[in-house]
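Enquirer: From first to last, the protein sequence lines stand for chains A and B. When we follow our numbering, the leftmost residue of the first sequence carries the number 1, and every step to the right adds one. When we follow our numbering, the leftmost residue of the second sequence carries the number 1, and every step to the right adds one.
I should point out that these hints are in silico values taken from the structure, not numbers from a laboratory. Quick caveat: nothing in here was measured; it's all calculated off a predicted structure. A virtual CB, placed ideally from N, CA and C, is assigned to each residue, including glycine. There could be a bad hint or two in this list.
Stated by the list, open to error - Cβ pair distances, simulated, as ranges:
id	chain 1	residue 1	chain 2	residue 2	range
1	B	176	A	159	35 to 41 Å
2	B	340	A	80	51 to 57 Å
3	B	175	A	145	35 to 41 Å
4	B	409	A	102	39 to 45 Å
5	B	178	A	164	30 to 36 Å
6	B	520	A	177	53 to 59 Å
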Amino acid sequence: MQPDHRPDPIADSTKEWSRRELLGAGGACLVAAGIGASMVASVEAAASLDPAIATLATVARDMFPHRAVPQQMFDDFAVRQLGTADAAAAQMLRGGLQDLDRRAGGGYRALDASARTALLASVAGTPFFGTVRFAALVTLYSDPAVVRLFGYEGASFEKGGYLMRSYDDLRWLPDPD
Amino acid sequence: MLRQRGSGLVDLNDAAIVIIGSGAGGGTVAHELTSRGLQVVLLEAGRRIEPQDFVQEDGAAYGQMTWLDKRRATGSWLAATVSPAAPLWTVKAVGGSTLHWNGLAYRMQEHEFRPRSEYGAVEGATLIDWPVTLAEMEPWYVRAEDRLGVTGTHGIPRHGATNNYRVLWNAAKRLGYSKISNGHIAINSEPRDGRAGCIQLGFCNQGCKVSAKWSTAVSEIPRATATGKLDLRTGCMAVRIEHDAAGRAGAVVYLDAAGTLQRQRARLVCIAGNAVETPRLLLNSESARFTQGLANGAGHVGRYYMHHVGGGTFGLLPKPVNMHRGITVAGALFDEGRHDPRRGFAGGYLVESMSLAPSTLAMLLDPAEWGARNASFLEGYDHLAGMLICGEEMPRADNRVTLDRTDKDHLGLPVPVIHVDRGANEAAMEAHARKTTRALFEAVGATDIRQLRTALATHNMGTARMSARAEEGVVDGFGRAHEVPNLFVSDGSVFPSSSTENPTLTIVALAMRQADHIARGLARGDY
Numbered sequence: 001m002q003p004d005h006r007p008d009p010i011a012d013s014t015k016e017w018s019r020r021e022l023l024g025a026g027g028a029c030l031v032a033a034g035i036g037a038s039m040v041a042s043v044e045a046a047a048s049l050d051p052a053i054a055t056l057a058t059v060a061r062d063m064f065p066h067r068a069v070p071q072q073m074f075d076d077f078a079v080r081q082l083g084t085a086d087a088a089a090a091q092m093l094r095g096g097l098q099d100l101d102r103r104a105g106g107g108y109r110a111l112d113a114s115a116r117t118a119l120l121a122s123v124a125g126t127p128f129f130g131t132v133r134f135a136a137l138v139t140l141y142s143d144p145a146v147v148r149l150f151g152y153e154g155a156s157f158e159k160g161g162y163l164m165r166s167y168d169d170l171r172w173l174p175d176p177d
Numbered sequence: 001m002l003r004q005r006g007s008g009l010v011d012l013n014d015a016a017i018v019i020i021g022s023g024a025g026g027g028t029v030a031h032e033l034t035s036r037g038l039q040v041v042l043l044e045a046g047r048r049i050e051p052q053d054f055v056q057e058d059g060a061a062y063g064q065m066t067w068l069d070k071r072r073a074t075g076s077w078l079a080a081t082v083s084p085a086a087p088l089w090t091v092k093a094v095g096g097s098t099l100h101w102n103g104l105a106y107r108m109q110e111h112e113f114r115p116r117s118e119y120g121a122v123e124g125a126t127l128i129d130w131p132v133t134l135a136e137m138e139p140w141y142v143r144a145e146d147r148l149g150v151t152g153t154h155g156i157p158r159h160g161a162t163n164n165y166r167v168l169w170n171a172a173k174r175l176g177y178s179k180i181s182n183g184h185i186a187i188n189s190e191p192r193d194g195r196a197g198c199i200q201l202g203f204c205n206q207g208c209k210v211s212a213k214w215s216t217a218v219s220e221i222p223r224a225t226a227t228g229k230l231d232l233r234t235g236c237m238a239v240r241i242e243h244d245a246a247g248r249a250g251a252v253v254y255l256d257a258a259g260t261l262q263r264q265r266a267r268l269v270c271i272a273g274n275a276v277e278t279p280r281l282l283l284n285s286e287s288a289r290f291t292q293g294l295a296n297g298a299g300h301v302g303r304y305y306m307h308h309v310g311g312g313t314f315g316l317l318p319k320p321v322n323m324h325r326g327i328t329v330a331g332a333l334f335d336e337g338r339h340d341p342r343r344g345f346a347g348g349y350l351v352e353s354m355s356l357a358p359s360t361l362a363m364l365l366d367p368a369e370w371g372a373r374n375a376s377f378l379e380g381y382d383h384l385a386g387m388l389i390c391g392e393e394m395p396r397a398d399n400r401v402t403l404d405r406t407d408k409d410h411l412g413l414p415v416p417v418i419h420v421d422r423g424a425n426e427a428a429m430e431a432h433a434r435k436t437t438r439a440l441f442e443a444v445g446a447t448d449i450r451q452l453r454t455a456l457a458t459h460n461m462g463t464a465r466m467s468a469r470a471e472e473g474v475v476d477g478f479g480r481a482h483e484v485p486n487l488f489v490s491d492g493s494v495f496p497s498s499s500t501e502n503p504t505l506t507i508v509a510l511a512m513r514q515a516d517h518i519a520r521g522l523a524r525g526d527y
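Full structure from sequences and hints, please.
Expert: Next comes the structure, spelled out in structure tokens:
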């Protein structure tokens with residue numbers, strides 16, 4: 001990744017859900033991760049019944065706008081968050097999403113990317129924002145498939161560590177004494 | 001009452017030497033005493049975690065080994081806001097926090113044993129000099145370095161320079177600094193003392209899977225066990241120390257792994273539960289005779305809690321670094337570790353080369369980051385390098401551990417409350433350190449530089465401090481309670497000041513010295 005690679009907030013997160021998308025790149029990742037088609041189908045079914053899922057997925061993506069991360073990651077995150085058994089937590093999330101829609105003058109997802117970012121910034125001090133940010137952060141950056149995209153190689157023991165391969169391969173600065 | 005025993009060596013009715021806590025302090029005292037032929041009961045609240053079971057993923061490892069019993073943080077320190085229920089990052093397992101330490105084994109500097117004399121009055125601080133000098137400590141440091149296998153001592157070679165350390169070294173050189181080293185790390189650079197050589201796994205904080213890093217779990221405790229003199233009881237949480245009519249410690253009451261209350265008679269007790277649990281146990285041991293808690297007649301137990309001035313800086317470099325490859329904290333810059341009041345604060349700080357996995361890094365970026373700028377920084381992960389600050393924090397009487405008797409944990413014990421207000425000296429030091437790390441990153445061409453929130457407290461000190469005069473502290477220069485002649489504190493709680501250096505080597509050296517003192521006393525019939 002180059003330092004100047006700075007993705008714009010993702011526009012396509014506002015797209016309508018479709019089975020084709022779910023079974024696209026993101027769906028393939030899920031299947032590879034051992035989450036079968038039944039899960040994908042249930043995600044789709046849940047999303048069609050509950051627009052809050054699409055809004056929460058968009059919020060999470062706006063907070064962490066990594067272009068290379070499949071949309072399915074964010075969708076799945078939203079389903080799990082809203083499906084929590086903790087009724088108070090779910091209610092807090094739904095309240096926050098409704099508040100965002102209200103502040104957006106109709107629908108958060110109807111705004112363009114820069115307007116959504118500005119709106120999120122205006123609620124950055126709320127428990128809703130903090131909860132979603134932290135949960136999305138943990139979900140996203142603890143996922144080996146996600147952080148591998150950024151050059152993080154994860155667990156090293158199975159590969160024998162880095163002693164014989166590259167713990168000291170930085171050559172663009174002089175060697176220490 | 002059940003006859004709960006560990007190895008079955010010591011009967012509950014035997015008046016035993018009882019050590020509470022198996023980390024750097026307690027594990028070391030246990031080895032030192034058993035190797036002198038003395039029987040020891042070692043109570044450890046946690047369980048044993050085998051090296052092959054360590055997990056190389058930050059979140060899972062944190063859940064596996066962290067001490068997460070109920071606590072509460074108050075005050076102006078960041079932990080009270082961002083992590084009030086878990087303000088410390090210490091380990092609950094055999095080996096204590098030596099499982100997750102980084103292995104930095106630095107000696108304290110000569111002047112740091114005399115902070116009151118050297119620094120004078122510091123706003124809000126209650127400084128005293130240590131009742132021990134560097135000259136007295138030197139032979140114990142030598143012995144500790146040998147035991148831990150510290151690189152750059154005893155003919156032990158240094159590690160090769162990791163990528164992350166290469167960035168720190170070059171940055172420091174370009175700014176004209178001269179004291180930069182990747183030596184003095186208690187991680188084997190080659191096989192030694194029954195432990196493997198390091199294979200640069202990274203994940204030092206998640207437990208070393210090859211046991212190249214020293215811990216009491218893979219060094220002191222197996223050796224103590226091999227003497228046949230150790231009765232290690234895991235899953236056993238000490239809840240109270242009882243005393244006899246003469247005011248001497250006479251028994252340790254603990255909850256065993258089955259949740260049953262047990263009472264081990266004792267002739268001598270060493271407490272090494274880290275700087276929150278140690279004062280907590282003393283305060284919980286209040287009695288008609290010791291109404292403020294055991295060893296607390298002068299009112300110092302729990303006060304002067306210190307956790308170092310922390311924080312860190314990460315920078316996006318023009319070319320790949322791959323900081324995650326190899327030893328997590330691979331070296332340090334020592335020039336700013338001096339005491340130089342012209343900088344506007346007392347004491348000094350180290351800049352330590354440090355890597356973090358993306359999940360932890362994202363969590364600690366300051367302020368709570370999100371959006372495109374944050375995303376782009378993390379997408380450049382393989383171009384990032386990191387530096388950690390470790391600076392002297394002043395002892396302040398109101399920065400302290402107290403008990404909330406209205407709030408009980410899962411065992412029914414009063415919850416410890418850790419209160420810290422940051423002082424002006426700490427703020428000035430942190431501002432200076434941030435400027436330094438920024439300049440270091442700029443010197444090697446970093447295009448985006450971010451500060452970390454002060455991380456969770458891993459170095460915990462001061463809450464049962466040693467003092468020459470009984471009215472100024474809790475224990476004497478050997479860690480023996482001023483008030484209770486057969487009660488010792490064997491961990492970092494005894495530090496009267498925090499110094500600049502990572503505390504473990506000093507804890508181990510003090511524990512060795514204390515054990516020698518105890519053994520001599522026992523031979524004389526003192527206890």
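Enquirer: What hints, given by number in increasing order, does this structure fail?
Expert: 6
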